[in-house]
Amino acid sequence: MTGRVVIAGIGQTPFGHLPGRTALELEAQAARLAVQDAGLEPGDVDGLITDPGPAQGVLQGIEPHYLRLGRALGLDPSYAGTEILGGASSLASIQRAAMAVEGGLCSVCLCVYGDTALSAKGSFGYGRGDEAAFGFFGAAGLHALAARRHMARYGTHPEALGEVAIAARANALRTPHAQLREPLDMAGYFASPMLAEPLRRADCCLVSDGAAAVVVCTAERAADLPPRAVHILAMGQAHSMGTFSNPAHFDALPATRCGPAALRRAGLSAADVDVALLYDCFTIVVLMQLEAYGFCAPGEGGDFVAGGRIGPGGALAVNPSGGLMAEGYGGGMLHVAEAVRQLRGTAGARQVADAEVAMVSGHGLAMNSHATLVLGARG
Amino acid sequence: MSVTRATADAAPPRLEAASCRACGHLFLPRGPLCPRCWSSDLTTRELCGQGEVATFTVYRQQYHRDFPPPYVIALIALREGPRMISNVVACAPESVRVGMPVRVRFEPRGERVLPLFEPDSSATATTPSNSGEPA
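Listed in order, the protein sequences are those of chains A and B.
Heads up: take any position in the first sequence, counting from 1, add 358, and you land on this note's numbering.
Heads up: take any position in the second sequence, counting from 1, add 6, and you land on this note's numbering.
Think of the hints as simulated: they come from the structure by calculation, not from any bench.
The list that follows gives simulated cross-link-like pairs (lysine to any residue, SDA-like), each with its CA atoms no further than 20 Å apart:
{"hint": "1", "chain 1": "A", "residue 1": "LYS479", "chain 2": "A", "residue 2": "GLY378"}
{"hint": "2", "chain 1": "A", "residue 1": "LYS479", "chain 2": "A", "residue 2": "LEU417"}
{"hint": "3", "chain 1": "A", "residue 1": "LYS479", "chain 2": "B", "residue 2": "GLN67"}
{"hint": "4", "chain 1": "A", "residue 1": "LYS479", "chain 2": "B", "residue 2": "ARG71"}
{"hint": "5", "chain 1": "A", "residue 1": "LYS479", "chain 2": "B", "residue 2": "HIS70"}
{"hint": "6", "chain 1": "A", "residue 1": "LYS479", "chain 2": "B", "residue 2": "GLN68"}
{"hint": "7", "chain 1": "A", "residue 1": "LYS479", "chain 2": "A", "residue 2": "PRO372"}
{"hint": "8", "chain 1": "A", "residue 1": "LYS479", "chain 2": "A", "residue 2": "LEU538"}
{"hint": "9", "chain 1": "A", "residue 1": "LYS479", "chain 2": "A", "residue 2": "HIS375"}
Produce the entire structure from the sequences given, and follow the hints as far as they go.
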């Protein structure tokens, strides 16, 4: 892969409460912005991979999401599809687009996330399969099992989870478009209502209306475009299918298998990463990914984030735009857009100096699926 | 639920797992073949009903009218190896710990009989390598 495929354009709508807007409208707006940003015309787009988000769903009747959006955009693409890896879907859409353009299936592939989860008032307290018979509901309860296990194995304190939430809010204060621009301190964190111990409301990401899109093409194709392209250096994906039967499931994310391996394929390690865009559906997942990617040793995630070390001006720039917890829930597409801005040097007040390498992660379903992108300012 | 064949009117409920005749693997949930060796020569084996809490959460938010908080959702590591989600009951939620020995206790819930777990005071508090309890 190393640099032969690029992200040439990014586009996003506002994120937050957008009553009266449909997901399709928002997705079309993000798509238009991304194609414009790449310096391309709508007629240049011949690939479409979509991530319809948690509330919208993959199917409306028998129609998959890519068909609805492709029709709205007036496309008859050479290649199309919809990803269904939960929170890893946006990254998976870009991975699929990269393989498609490199494999010659299409030349300019649009990847689009969109949803109106906030306006739709969708519930995320869904029952977890057969286990709902015991009262096992919601994504928070599932991730609480991982958080409790981390605390029992490593002595991780609740304050470590608080640090992650506080850093996200502090980062978002430098992001004009962020959905949640209210500072949080440790007292505020501990005042947040407990949902499923040890996870509080403040440990959970936002629910949002909004859409974001990126344009993927070959570096060769991008040579004719404005010099804003960011290179895909490596990609990775890993899955743990046995949620409750796999004895290691709550101890180590699938990211431990695909994250360091992707960095190695790019000739890099965690020490080379200037900006980490970590999928942050719950605070505990940030700690576990810092360990999985090798930013710190297993069990040391709590120490790693202590004292504001992943907040503004900290030792490692993690989700400088605020992530899912404060910028807005954008699948993983907002994370990718921020990585691109950082590598272009256009991130404004939150720009990480001399950012050359970014990694982006996506984490989906019951901690089952993980996807990694390693991006570089140069190929 | 694939965990038990418990019925309210028949024989006493038993905690069972799928068992592979080819390689001896015991597993939950039951599936079309052995997930370790892919043999479809499967049978069922009764488990002793003892295990320990691998991890847990105490629900403080109400998600469903039939489940008023607080209650404990736990991942139980059964002694024979398989794992399952259940409730830890008959104790204060605050007393539940990772590594805590538990034993099965069947309780009716609606039309079903569910395998729940309660503290097992008879068990020595062993700490298998995967229990997650700090040394």
